[in-house]
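*Asks:* Residue numbers (this note's numbering), protein chains in the order written: chain A, 1 to 255; chain B, 1 to 573; chain C, 1 to 432.
Calculated from the structure, these hints are not laboratory results. Do not take every clue at face value.
[As the list claims (entries may be wrong)] The calculated DSS-like cross-link candidates involving lysine-lysine, where the alpha carbons are at most 30 Å apart (straight line), are:
hint : chain 1 : residue 1 : chain 2 : residue 2
1    : C       : 232       : A       : 223
2    : B       : 193       : C       : 243
3    : B       : 278       : B       : 407
Keep in mind the model is a prediction, meaning the values are calculated, not measured.
Okay, here's what each chain looks like letter by letter:
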Amino acid sequence: MQNITLKSKYDGRISVEAEIITPDNFSGKDAKEIGEMDLFMGNKTVKLKDIFEVSVEGSSENPEDTEIIIKGNTDRIKRIGEGMTSGKIVIEGDVDMHCGAMMRGGKIIVKGDADSWAGREMSGGELLIEGDAKNYIGGAYRGETYGMTGGKITVKGNVGAYLGEKMKDGEIVVEGDADMISGMEMLGGKIIIKGDAIMPGGEMKGGTVIVMGEVTDRMPTFKMDGMEIIEGIEFNRYTGDLSVRRAKGVLYMKG
Amino acid sequence: MSELLIKNGIVYDPLNDICGEKKDIFVRDGKIVEEVKKPEILDVNGLLVLPGGVEGHAHLSGSKVNAGRLMRPEDGRRGLRRKTAITMPESGYSVINVYGEGYRYARMGYTTMVEAAMPILTAIHTHEELRDIPILDKLSMTLFGFNWFVMDYIRKGEMDKLAAYVAWALKISKGYGIKIVNPSGGENWKWGKNVSSIDEPNISFGVSAREILSSLMEVNEILDLPHPIHVHCNRLGQPGNYDIAIDTMKISSGFETKREREPLHVTHIMFSSYGGEKWKDFESKTDEVTKEVNSNKNASIDLGQLMFGDTTTMTADGALEFALCKLTGSKWSNSDTEMETGGGITPQIYSPSMPINAIQWAIGLESALLVKNPYQVWLTTDHPNGAPFTTYPEVISLLMSKDRRKKEIERVNKVVQKRAILSSLDREYGWNEIATITRASQAKAYQLNDKGHIGVGADADIAVFNINPEEVDPSKDYEEVERAFSATKYTIKGGEIVVRDGEIVKVFPGKTLWTNAEFDGYYELIEDDLKDWFSKYYTVSLSNYGVSDVYLTNPEVIKTNPKIGGRIEVPAE
Amino acid sequence: MIIEDVICPFCGSLCDDLTVEVKDNEIAGIENACKLGYSKMMGYEHDRYERPLKRVGDEFKEISYEESIEEAAKILYNAKSPLLYGWASTSCEAIERGIELAVKIGGVIDQTATVCHGPTVLGTQEVGKPSCTLGEVKNRADLVIYWGCNPFHAHPRHAERYSTFTKGYFTKKGRTDRKIVLVDIRKTDTEGICDRFIQIEPGSDYKILTSLIAIVMGKEESIPEEIGGVKKEELLGLAEEMKHANFGMVFFGMGVTMTGPKYKNIAALERLVRELNRHTKFSLMPMRGHYNVAGAGAVFTWRTGFPYAVDFRRGYPYYNPGETTSNDLLTREEVDAMLVVASDPGAHFVNSSVRRMAKIPLIVMDPHPSATSELADLIIPTAISGVEMDGTAYRMDDVPIRFKKLIDSKFKSDFEIIGDIIEKIEKRGVKD
């Protein structure tokens, strides 16, 4: 087992791009090697040790046995855990955009809030955000065909707009409320929103969205086709979005 | 005075009948010369040396290409490359930014390119992008296939005016030759329709593709244009269209031309060699199509090879792109250009497991393997329609190795063994034939006397590849072949080393070539018509139409000898 | 001297039929221009910055061009996260150099689409843009829909030249050959030229557009009796009209791009037009504001691969609106120096952005004082493109037109100034 602790010294406002921070890249390396890795701040290349104090306990060549704990102010650190395949990252505070983007395995826990595009295009693994999360969680890159294609995202707080945009597979659970059009252009997978939602399911083609709270501004292009009991609660079942060809999306709402 | 001596290379220069000779090449001031005095010496002992590559048909600049880039940021993020001290950053895989286009061709040993489709109304845009494409020399083909003036003069039988209009349009767009896309049918697309044969008159002008093709071929000859009429056939990309390709080629059979090239070129033949009636019984008809090529010395083709992967299709044939979009459900842009032409764009993913795609892939290779005379074939992927041009090295290795093809055939959908004939073809291209279909054929077809060869007097555009053709057996070492053609040891453009060991080491703008076919009184012939239609139907003023020289890098005018009126003496640039 | 076929450097209609009289190097008269174009071109002399100005304490001090360029180069060269913004009202040639500058200094370059038709770009990146040049509309369109736009005021000659009154090859009778519909949240003056007005509730475009798509696809059964303040009957009627037009056209404006889910409105509109092409010929076009905002998008795209908000800080282009867009970067205080060219973000950006602009070194290139130049640390006066400088601009339908230089100017053009700054940067060594 290898435990790596990064303590942020950074309080600048220019974001730092840190896609290098993954168990895959860190496993088997000592504090010095990790400290010498490159991060990007504006148009400058900086060393990881310029931004973080690095300490390492134990050693493992296997990313699976590698855990990275990130402490201190990280609200301007982007792309942590991008593309990671295994191991674990714990971020104790807030985190900037693209956290866990394209992750394929392993686990990320964000104890604070996450900015937009967390879990963008992820295909496996688990992303747990204990605070709120902004827009496009589990979504796609601009113009891309698919968002999230696998894995699980849990947000304990509220989420912004376009949750699970173009999601193809996997699962997203939001314990709070969701802003505009969750499941936008969704193709598959499952989204559960325990709080309220606005215009869920817009242009969805497949997959399932369950809204347990109130829905404001319903899409007019869904057809009600029955009732179902989920976890003891009675839901109306809708299919749509009928403005999309061959649409088989399923949307559960109360009433 | 800069001099260069490329020593001891194994040279293939088909136009000068040099086939694998160990030979020194001398360069002075951008030209190939007989001898040099104090040259920089590049000893390329035993490496393959070819003339600089000539891209004969690709979509690289202008409104349609840019609409493709705009529509596909997800493609843009593939192929990113950082700036260096001398280069600008690159982006894109199938829709590449202008810098990436120039650098990537140069790295592959190409030094000349043809933009295959330029609308006159937006020709400034085409040339602004060409101006930005580094290193390469540039030509662009002006679109005429469903231009209103063209169709109007044809329906009235006014050939002199048609010739005058084409000469004027080439001059005003700074175009090189006549491009024809979905003749007649493109106009119907502006009502959401198409034509189904080359003899069907279109709705608004009542002229057929056959009339447009034969009239423009005649005008091409009258104006003594250097290049054949360059044709994208009707019903392109639809099952059962092979007979249209054959009928189109037949229009040229027996046609007499004074130029030493075919009078008609059918482009991206792969998309026009389809049998079957529906996608369900879709099959290769390469045997029929190439039979026509082999018996008709008046037609040439380029492949439009399809390679598996993600790409972006784009053409002036708007109806085709909408048909594709309906098949795939993918995003789709359309850009009809008033009075002149159209355009459509939609992304495609070609998958080896898809029966249609596997057959399409086979058709391109079959075309190359079945046409006997390599001067009638150019290697293209119709970039980016069949695949990005960066797949050329792989295509070359497939043409040179039956083993590689066999291996691929095993990987792709099995239908390819029944509804295509690729697996039965044993031919393997040699180095000289590869040099022909990537350089010499195009240079001859565009009548670029200083390109595509490295005889004395030619432009010093040279590619040296990191492979010894005497030691490598391309039939077996196909991966070596692919690697070698992906990045040159040296690319020399106009006597300057622009690529060394696969990296860009020098950047400068290339030349822009266009054709001036003016003849006595040509403008007066059409002046009233132009003024009338510009005031009534165009949305730009006649005086604001066209491309001035400020948009051209190092312009070079090709003057012709029209057989109509007297030749106007154009003052030297 | 009379100059004919002059291009108007005001709005995206880029009218190219103006006649300008020049006397003693001054504009003496203009014909054919609308009042917006007229006042811009006639007012070129009014209220100009005469010399470059540098802020010293609370005051501006006059400096030379040479000094101002040196100063600008120094600020931009030293910045870690510079932003180059504007570009919609200058020539493509100047924009090309702007991109070169952004690459060389490792900065972000963005253009005014970011606050107007950026959502149109994003929609197009989802669905594609079925469009055409304005002459197609002039010659063929028998149904024209203005959606969330007000050409009567914003593009005064659009209806006359391209879309409503104009006569074309297949529309010989002009206005009477066409049906004109306005869809908007309130009755505007454009309603006066329309056959029909459909009033919708603010922010309901998305629901109405997706409903229309469903109707065109023959799936109207789930649509409620009223959507966004519009009766279902009315939408059914509109869908029929659209399907039965010979050539339909939708022009849309910021009423659609800047409300509700913004770019998803445009994506839905594009989807609707795509669906209609299964029945007839239909196209759409954004009503672009600044005369060369389309050109800015075009140049950005061919040089970088992306149309706006392009981040070169890491040496290659990175594009992600919402992250690399000016307002997002400024609001997050990520920008540490800014160059504004031919634009007034001080008047159009959100407050949090403007506050940041006031705090960082701000260079403004403009002929005239503006809300932005009030905040500037360095002001470099420029020649007015289209009046004092020639170059290329792109009309709203992406048709490029070369605009003319009408009079000589003592001011340097954007093109020259940015070229000079690049030269200074190069002397300092390109950042790698």
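*Asks:* For each hint, tell me whether it holds in the structure or not.
*Replies:* We went through each hint and held it up to the structure:
no.: 1; hint: C:232 x A:223; result: holds (16 Å)
no.: 2; hint: B:193 x C:243; result: holds (15 Å)
no.: 3; hint: B:278 x B:407; result: holds (29 Å)
Checked against the numbered hints above, the structure violates none of them.
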